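**Q** Given next are the chains, with one letter for each unit.
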Amino acid sequence: MVNQLYITAFYVLFALLAPPVTLGTICKVKARLQNRIGAPLWQPIFDILKLLRKDETLSKTASWVFRFAAAINCSLAIYLVVSVPWLQPKPEWGGIDLFTFVYLLAAMRLFTLLAAMDTGSAFGAFAASREATLSFLVEPASVLSLASLGIVSNSPQLNIIFGFHNMHAFHPGLWAISGTALLLASIVELSRMPIDDPTTHLELTMVHEAMLLEASGRNLLLFEYANTLKLTVLFGLSAQCYLHLIPLPVDSRWEVYAIGSVVMLLVVAVTVAVFEALAVRLHWTKAPDFIAYAITLAVIGSILALGAGGI
Amino acid sequence: MSLSLNDLVAFSIAVCAILMVGSTHLRLNIFLFSLQTMLLVYLSTLYAHHHAEEHLYLIALALFALKAVGVPVFLLRIIRQVHVQRDAGTLLSAPIAMHTALAFLAVSYMLARQLPVPPSAGLGWPGATAAISLVCTGLLLMLTRRIALSQIIGFLVMENGIYLFGLTQTRGMPMLVEMGVMLDVLVGVMISGLLAFRIQKSFEHIDVSMLVDSKE
Amino acid sequence: MHPLLIVVLAPVSVLVLSLLIPSTRLLSRIAPVLFFVQLAAMAFSLFPVLAGQEKVFCLLPELCVDRLGALFSLLTQVVVAAATTHAVVFFEQDDAHNLQNTRSVRIFYACSSLLLLAMTAVYFCDNLGFIWIALETTTLCSASLVYYHGTKHSLEAAWKYLIICSVGIAFALFGTVLIFASSQYGATPKGSLNLSELSAHAEYLRYPLLRLGFLFCLLGYGTKAGIFPLHGWVPDAYSAAPAPASAMLSGGLLNCSLFAIWRLCELVRASGHDSFVQHGTLTIGVTTVIAASIFLVHQHGIKRLFAYSSIENVGLMIIAIGLGSGHLFFLLAFNLSVAKVALFLTVGNIVQSTGTKAIADIHGLLAKNPQWALVLLAGSLAVSGAPPFGVFLAEWGLLVHITQFHHWLVVAGLVIGLTISFLAVMFHVGKIVCGTCRPGDISFYPWRSVLVPAGLMVVSLIAGVSGLSQLF
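Residue numbers (our numbering), protein chains in the order written: chain Y, 1 to 311; chain U, 1 to 216; chain L, 1 to 472.
For the record, the hints were derived by calculation from the structure and aren't laboratory data.
Computed from a predicted model, the values in this text were never measured in an experiment.
Note that the Cβ used here is the ideal one computed from N, Cα and C, for glycine as well.
Wrong hints could be hidden among the right ones.
From the structure, some residues in chain Y lie toward chain U, with a derived Cβ separation under 10 Å [to be verified]:
| no. | residue |
| --- | --- |
| 1 | I177 |
| 2 | I291 |
| 3 | V299 |
| 4 | L304 |
A few chain Y positions that, by computed beta-carbon distances, are all more than 12 Å from chain U [what the hints assert, rightly or not]:
| no. | residue |
| --- | --- |
| 5 | A31 |
| 6 | D47 |
| 7 | L220 |
| 8 | V267 |
| 9 | K286 |
| 10 | F290 |
Ranges of calculated distance between the beta carbons of each label pair, as one might list FRET restraints [as the list claims (entries may be wrong)]:
| no. | chain 1 | residue 1 | chain 2 | residue 2 | range |
| --- | --- | --- | --- | --- | --- |
| 11 | L | M426 | Y | T285 | 52 to 60 Å |
| 12 | L | L215 | Y | T200 | 51 to 59 Å |
| 13 | U | A103 | L | N98 | 54 to 62 Å |
| 14 | U | R77 | Y | I246 | 36 to 44 Å |
| 15 | U | Y57 | L | C58 | 31 to 39 Å |
| 16 | U | T45 | Y | L13 | 30 to 38 Å |
| 17 | Y | R36 | U | L92 | 36 to 44 Å |
| 18 | U | A103 | Y | D97 | 26 to 34 Å |
This is chain Y alone, in the form it adopts within the complex:
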């Protein structure tokens, strides 16, 4: 009982802190690699708080859909943070299964697209079409990698798949392959390098930022916060996959899992940052080649899960 209290406290604290800090870590590591000092780790928190105080400028052609979509987007993101096991140990709240997870991601994407197209700007619509293309190309990768893990765990519930309480056999190969597939798919979903540069100023090449061009003030706050949460959840899931590579004893103390999750999340963030610093942005027509890698790894994972029962 006391354990549950500690776990819940740890989880809530981390759920509040981790999203901005993860984003801040990525930016900081990238900056250091590019020979700059870079903003401090807490900068995203300050940015979000700054947006609270700002005024809003709304386009004349925007309707209630614009406000509405932003709010729903953020609520869905918060729901994801609460129900997806991106961080272990997880308190015993309800969980979702992997198909609901993918649909929730798609729903978030839908509302972002609606908001982007509602303002009537050409940049927004262009970016919306790119985001839609990328999402349907990369969906097989995320679904198949999670499904292969589900086959091995005999359940589609994410809590059971990623939980440490089951007597699964040790499948390092499958977790590594699915984890990498999930990581690559997350990079595409979040439109980070090499698909799109998050710090670019060229609107015609933007995928995610162009959809937020028309948002300002509290709307922008909702969108940015939702993006940060989505980033944390997706990278957190990949970190959990890599955590399963370590043969931790089943049912050990919750601190072990906590420290492991935090360390793994940090490792994944640093890896993503290094990759972003070194990678070159791919030409749009070459993006499917990168996505093909993610899909290939996911399919290999599913072949292994189906044929071998894991490896």
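We have chain Y already, so just place chains U and L on it with the hints.
**A** Below, chains U and L alone, put in the same frame as chain Y:
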């Protein structure tokens, strides 16, 4: 059902080959080939330790020195002299070729299930799946690439697959035969490399689909 | 004297001499002498096996040859000796027109001696793995021979040859590994590649693995021989190689790969799966014959013409192998090789004198060089299977043998294929031989240049007319 370390390594070799098909960057292909051969060396030492076969240690050593280090260095030198970086215009685009390689993996799984279980301990079919898929992937590389060097790399991947099959289904062929095979393959690679270099000098490119001269 | 030296001494000496002697005239005269000496020595040592007094002749414990292998190795020796004898004239002619590169000639002799060594090794090896190694070595040596001229055309032909044959040989290696895997279930728990051991315990070989292994080896070694879907390299390689090299390739190397297939067929037959072997080889043989004869109808290059004729011969020999008749196999191989060597050497003369390989540009040979024209006619008649040459007897024997097995479709297909190819070859050769003679051709050494081909055609005539074939 969980598979052993040997099977894990065998599958990683197959995965390396499939990733090789997805990239037309020649240096990346050579790096993946070198990685694949080193995994094969590791697997040979595992088998040598498990079955107490001394000759497998020697074969693993020769494989490391010649195929994992020597051949990639030679091919990198040829790339530098011939000034090609990428294999442009393959017959199948890289993603589709990678998915075709995946289909071959599924097919080789079905084929491997038909083979009888080898008398040595352990499951036979993971190694056989990986080996047959390596042979098919090597064939795919040879047939769909235009650059002469990619065809050489495809041939070497095929040889790796055949060696892997011998390793997992039997306890490795007799030492003299394996050494002879490796020597022949190396001399073949050297001659092909020299010819590829000459092709560049004659044709201003090493695109073998442009070699349609003899129509007389 | 250690028996190994008989086989090894002459090629190694030619190899060493080609690296040391700077003069190509001296080298080209010494090499045939050494090869003929080796021929005599080999005939002498192999005589007990040929006469049936001894079963095998062993150089080393693992290198034994039986009667059929001895016959084939002697045939190969004859082919190489004849080709290198004619090469004297060939290189002299090149030299006279300053077309020669000393380095290329020395590489030619070095690779030819290595080729001879490797080809002899195929016949002498009792071990499937060593047979593979020897055949791969022949591929590598002959690729250098194909690249002799150093032109764009020969580069393309050498590349195609190397790649297609390497893929084929890799399949054959896969088949060898499968057969090795099939052998570890019975009397030899560690597996064995030794053919005598495998044949002795043939019924213990696991059938699925053996069948798969045989198919892969058939495909692989068949690529090296030139069976139908995988024959792409044959016309280019034979056309680009210099005449003595083409003669060695078609007269010697072809038989090596077919001999390897023969050994495998014997093994599978010993394990009791006769019908499988027959079906596979008969299908491949008939398809190859018919396909080659269709290709022969529309040919534009003289060397490519006889290359396709070579492919057709491969089809015939594979059928003989599939039916299990070693006698017919060797008869066909001997007669066809002799005829083909004579043909390719004469064609080499023609190409050297006219400077072109296109049939449309060559005519009037009878008027200009009657000796060459006669030998060419005789050779084409022989290769297409017309009497009175030995090939006719061999093909007739093959057809009779097939009817004993009641494969009527095969007989019909063969007859159609052979007829079409005969008509096509004679049509093209007729265009070359008849007509008015070209003004710009060079004619050289009418008697010396035709000595070797004419000699070989006389041998073929004797084999056809007399009862020499009963000896084999």
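**Q** Hint by hint, say whether it matches the structure.
**A** The hints, checked one at a time:
1. Hint status for Y:I177 relative to chain U: holds, with the closest Cβ pair at about 7 Å, below 10 Å.
2. Contact between Y:I291 and chain U, as hinted, is supported at the beta carbon level, the nearest pair being about 8 Å apart and thus within 10 Å.
3. The criterion of a C-beta within 10 Å of any C-beta in chain U is met by Y:V299, whose closest approach is roughly 5 Å, and the hint holds.
4. Below 10 Å, beta-carbon pairs count as interface contacts, and Y:L304 has one with chain U at about 7 Å; its hint therefore holds.
5. Distance check on Y:A31: its Cβ is at least 28 Å (rounded) from any Cβ of chain U, clearing the 12 Å threshold; non-interface status holds.
6. Distance check for Y:D47 against chain U: the nearest CB is about 37 Å away, which clears 12 Å, and the non-interface claim stands.
7. At roughly 36 Å, the least C-beta separation between Y:L220 and chain U is larger than 12 Å, which holds for a residue marked as non-interface.
8. Consistency note on Y:V267: stated as away from chain U, and its beta-carbon is indeed over 12 Å from all of that chain's, at 21 Å minimum.
9. For Y:K286, the condition that its CB be more than 12 Å from all CB atoms of chain U is violated, with the nearest at approximately 9 Å.
10. Not every Cβ of chain U is farther than 12 Å from the Cβ of Y:F290; the closest lies at roughly 9 Å, contradicting the non-interface assignment.
11. L:M426 and Y:T285 have their C-beta atoms about 58 Å apart, which keeps the hinted 52 to 60 Å range intact.
12. Remark: the range hint 51 to 59 Å for L:L215 to Y:T200 is upheld by a beta-carbon distance near 57 Å.
13. Range check, U:A103 to L:N98: about 57 Å between beta-carbon atoms, so the 54 to 62 Å window is met.
14. Restraint check, U:R77 to Y:I246: a C-beta distance of roughly 41 Å satisfies the suggested window 36 to 44 Å.
15. Under the hint 31 to 39 Å, the C-beta atoms of U:Y57 and L:C58, about 32 Å apart, fit the expected range.
16. In this structure, U:T45 and Y:L13 break the distance hint of 30 to 38 Å, their C-beta atoms being roughly 48 Å apart.
17. The supplied range of 36 to 44 Å is met by Y:R36 and U:L92, whose beta-carbon atoms lie about 43 Å from each other.
18. The hinted range of 26 to 34 Å is satisfied by U:A103 and Y:D97, whose Cβ atoms lie roughly 29 Å apart.
Hints 9, 10, 16 from the list above are not met by this structure, while the remaining hints are.
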